[in-house]
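> Here's the letter readout for the chains.
Number of protein chains: 2
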Amino acid sequence: METPQVKFCYKNVTAEILGKEHGITKQQFDELAKKTEPLIGRLNDERKAGKTRYRDLPYQADTVKKVKKLADEVKECENFVVLGIGGSALGNTALQTALNPYMYNLDEKQRKGPRLFVLDNVDPQQMKSFLDWIGDKLDKTIFNVISKSGRTAETVAQFLTICGIIEQKLGKGGLKNQIITTTDAQKGTLREITEKLGFRNLCVPDGVGGRFSVLSAVGLLSTAVCGIDIEQLLAGAAEMDKKVSRKDFYQNPAAVNAAINWHYYNRGKKISVMMPYSFALKDFADWYRQLWAESLGKAKDLAGKEVFVGPTAIKAIGATDQHSQVQLYREGPNDKLFTFLAVQDFERDVEIGKAPDIAPELDYLSGQKMSRLLNSEKIATEYALLESKRPCLTVAFDRICPYTVGQFIYLYEATTSIAGLLFGIDAYNQPAVELGKDATLALMGNSKYKELAEKIKPVTEIDNRFII
Amino acid sequence: METPQVKFCYKNVTAEILGKEHGITKQQFDELAKKTEPLIGRLNDERKAGKTRYRDLPYQADTVKKVKKLADEVKECENFVVLGIGGSALGNTALQTALNPYMYNLDEKQRKGPRLFVLDNVDPQQMKSFLDWIGDKLDKTIFNVISKSGRTAETVAQFLTICGIIEQKLGKGGLKNQIITTTDAQKGTLREITEKLGFRNLCVPDGVGGRFSVLSAVGLLSTAVCGIDIEQLLAGAAEMDKKVSRKDFYQNPAAVNAAINWHYYNRGKKISVMMPYSFALKDFADWYRQLWAESLGKAKDLAGKEVFVGPTAIKAIGATDQHSQVQLYREGPNDKLFTFLAVQDFERDVEIGKAPDIAPELDYLSGQKMSRLLNSEKIATEYALLESKRPCLTVAFDRICPYTVGQFIYLYEATTSIAGLLFGIDAYNQPAVELGKDATLALMGNSKYKELAEKIKPVTEIDNRFII
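Quick note, the sequences are listed as chains A and B, same order.
The first sequence begins at 4 in our numbering and counts up by one.
The second sequence begins at 4 in our numbering and counts up by one.
Just so you know, not all the hints are guaranteed correct.
Remember, identical chains collapse to one label, so a pair may be satisfied in a single copy or spanning two.
In silico DSS-like cross-links for lysine-lysine, where the CA-CA straight-line distance does not exceed 25 Å [stated by the list, open to error]:
#1 K115 / K140
#2 K303 / K392
#3 K460 / K23
#4 K143 / K112
#5 K143 / K199
#6 K357 / K199
#7 K112 / K140
#8 K10 / K460
#9 K190 / K357
#10 K451 / K440
#11 K308 / K372
#12 K246 / K10
#13 K175 / K54
#14 K68 / K78
#15 K440 / K190
#16 K357 / K451
No lab work stands behind these hints, which were simulated from the structure alone.
Construct all of the structure, not just a fragment, from the sequences and the given hints.
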C-alpha cells in the first residue's frame, strides 16, 4: 500500500487562472525561484550549524522511547490534563483534534486513552468549573505541566493551584504520583522543583522555540497517552524533511509555499487565511496562527532596520464560515491569500438520509455521502473566490492520519523558516512579548517592577470623558 | 442593587494617549461626530420604517412566552442538539459559552438543563463520531433544526440524516417527539415539512437576517432550555437600545464605536481584533466576526459604485494569545484596531496556590486571585500595545450575566448598522454568498446547474505542473 501523502497545490494562484492583476505569472514564478533557491541552500547550512534544531525532532529515537515508556505508565489514568500556554498547548490540542474522534472526551467507547484537557488560560470561571469537576478525581488524573523556564505566569499559576489542591486532598505524596513536568533539561525554576520533589519528567529540547516544539516531548506525551501513533507522526515529518530540503525550487513545497506567501504580502495581500475543510484539522489553523505570527511579525530586519512586517494569519472553518466570512472574502478588499486544507478520503463517513416526498427540491442530497457534500463545498467556495480574483492554495491530505499530519507540521515549519529568510528577519525570536510579561509582574505587585508600574498607570486611570 | 452594565471605553485611541500619528485628535472626533450624528437620526427613521426589525426583538413578549413554554416541555431531555449554521448557530454557541459553566456538558452537577451540542458543519468524521454516541440516546434527545428557508444545504443534510436515524430506531412517530423546527412562519421547505409532519416549531421573524437573529427564537430556545434567563437577556438589550438611540454622538456608544472603527479603516487599519479576556466571552468574538464580515464586506456602495470595503474582524483570546499573536500585534504592520472585552467581577474565582520555598521567584503569585492575574494581563497587554502605538478599545462588563450579555449583543448590532451607514453600503444583504451555494448544488449533481458545473471544471482539473 502506498503511504498517504500531503500535497501542495498552487494552480489557483497562477495568472493562467487568476489573470495578471491578481495571479502570478510564469516570469514572476521564475523570479521567485531565483530569489528563493539560494535560501534553501542557506537553510540547509543553518541546519548543519545547529541553528534550526526543530528540524532534527523527527529523528529523536531516544525521546520517543522515553515518551512511550512514560505514556505506558500513565495511560490507565482517567484524565490527562496539560497545563501550558502558547507553544506548550496549541500543538497538543491540534494533534488531539486531528487524530482522535470528536466525541473522545464524552464517549468512553470512542477512546483508547484517558480524557484529555489542555488548559491554556487563567480564566477564573473556567478554572473553577474545571476544578469543581476534577476535585474528586485527582487520584485518577495526571497533570502534565509544560514550561521550559518554569516562570510562565499562567502555567505557574495553574501549577501552584493544582499542587495546592492535590496536597490538600491526597497529601504531599500525591504530588509525585499525579504530576509530570516537561521542562528544561538542566536549569530553571521548574527543573529545580522537579528534582527537589522527584517528579517524573521529560525535557524541552534546547534551541527549539515553543512554536516549533510540537514534535518534541512537549507535544508527544499527551498524544501518545491518548493512543496516537507518535512514530508514524515523526515518520511523516521525516518524509517531508526530504521534500523541503530539495534544492530545486519547483520541487520544494515549502519553498514554493513561502515564496507565494511572501510575494502576495508584498503585493498588499497581508492577510493569510487558513481554511480547513475538516473539523479535525481546525486547531491546526490556530497552531499555524502562532507559528506565523511569532516567527514573521517583526519590527526589524536582520540588519536592524525598522520594517514592521508580517502577514496576519487567520483561521476560518469550512463549510461553517461560508455562512460567516465568505461575503467579506469575495467582496471586501482583495487583501487576502487563502489556503484550504482539504481531505480526499475521510476515514469515517455518513450517508445523508432520504428527502421526504413533499420536498423534491432536497432530493439532490438523498443518499449522498456527507464527505461529497463537504468536498463539493470546498470546490464551490474556491470557485466563487476565484471568480472574485482571490488567490487560493490547497494543502491536500490523502487522508488524516499521524503520517500525513506529521508531514503537514513539518511542511509549515520549513515554510516558516524560508519565509523568514525571504522577509529578511529573525524567525526564531519574539522580542515584543517581554514587555507585557514584565508589565504583568508589575501589576501583580512584584516589587522589582515598581518603576514600570508607574508607567502603566495612564493606561488604567479612569477618565470619564471617554467612557459611555 | 444597581443593574450591572457594559461600558464602552475609548481613551486609548485618543491622540492624548497615542499621539497624533496613530491616535484620534479632539478635532477628528468632532468631525466624526458631525458626520455620524445625522446617521443616528437616519437609523432611527429606518427603524420606524421597519427596515431594521432586529431592533424590536427585545420587546417580543409573545415570542418569549412561546419559547419558555416549549423550553419547559423539553427541558427534561438529556441532550439538546441545534442543527444550524452561520446565524443559526453562532449566537446559540456564544450564549451557552458565556452563560453556562465550562464543564457544563461533562458535569451534570454543573448544569440545570440538558447537554447542548451545536452542530454547525457537515464534516463526516465529526458527524459520525457524534452519531455513534447519540445513537442509543435518541429518545432522550431533542433536535432543534434552524433554517429560515429550509434549503440550507448543510442544515438540510444534517436534518435528513437525523430523521433517517430516528425513523429507523424509534419509528416514524419518533420524528414528532424528537424534532423541533425554527423556520419561516409561512413559507419554505422546512415550514411545509413542519406542517405536514406536525413538528413543534418556532418562527424565524421576517426582516431579520441570520446574523441579527440571536435575540429571536433562533437563539432563545436552546438558551432557555439550558437554564439561562432569556428575559434578563432581552432586558439588557432593551436598556442598550435606549443608549444607542441617543442623538448626541458622545453619549451614544454604538455611534462612537462605529465611528472609531470606520475612521481607522480609512487610515489603513483594516483589521479589527476582538480579544476577550474571558473564556466565557470567546465565542462572541466569532459571532462578531460574522456580524461584521457579512454586514460590512461589500463590493458596491448604495449608489452602485464599486468600493470593495469591509474591515476584517478577527478573534484572539486573552491571556492565551499573548503567547501566540502579541508579537505580531506589536511589531507587525500597524494595521489593526484592538477591542478588548474585559470583566470586572468574575462570578467564580480561584485562589492561586502557594509557591514552594525553593522557588521564591514565584512567590508573587502565592494566594492571589486568578481574576487579578487575568485582568493584570489585559492591562499589561494593552500597555504593551500602546507603547507600540496600536489603538485599543475596551468593552467592560461589570460582570457576565444575561443582562450584560444582552447589552453587549445589542451594542454591537447597532454599531454594525451605524458602521454600514458610514461606509455607505447595504449592511443587510449578502449577495456574494449565492454563487458558492449554486456551485455546491452543481457539484452535487443537481441537474438545474449543468452549465455552472462546466464552468467550475477548470478549478478542479488536476494539473501536475502545480502540485508538489
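> All hints are to be evaluated individually against the structure, with a verdict given for each.
Hints, verified against the model:
1. K115 / K140: both (19 Å within a copy, 22 Å between copies)
2. K303 / K392: Intra 32 Å, inter 16 Å, cutoff 25 Å: inter-copy only.
3. K460 / K23: Between copies only: 21 Å across, 52 Å inside.
4. K143 / K112: both (18 Å within a copy, 19 Å between copies)
5. K143 / K199: within (23 Å within a copy, 52 Å between copies)
6. K357 / K199: between (64 Å within a copy, 16 Å between copies)
7. K112 / K140: both (20 Å within a copy, 14 Å between copies)
8. K10 / K460: between (52 Å within a copy, 20 Å between copies)
9. K190 / K357: Between copies only: 21 Å across, 63 Å inside.
10. K451 / K440: within (13 Å within a copy, 59 Å between copies)
11. K308 / K372: neither (55 Å within a copy, 42 Å between copies)
12. K246 / K10: Close inside one copy (11 Å), not across copies (53 Å); limit 25 Å.
13. K175 / K54: neither (42 Å within a copy, 66 Å between copies)
14. K68 / K78: Cα proximity of K68 and K78: one copy only (15 Å, versus 50 Å across).
15. K440 / K190: Answer is within; shortest intra-copy Cα gap is 20 Å, inter-copy 57 Å.
16. K357 / K451: between (69 Å within a copy, 20 Å between copies)
Violated hints, in rising order: 11, 13; the structure is consistent with all others.
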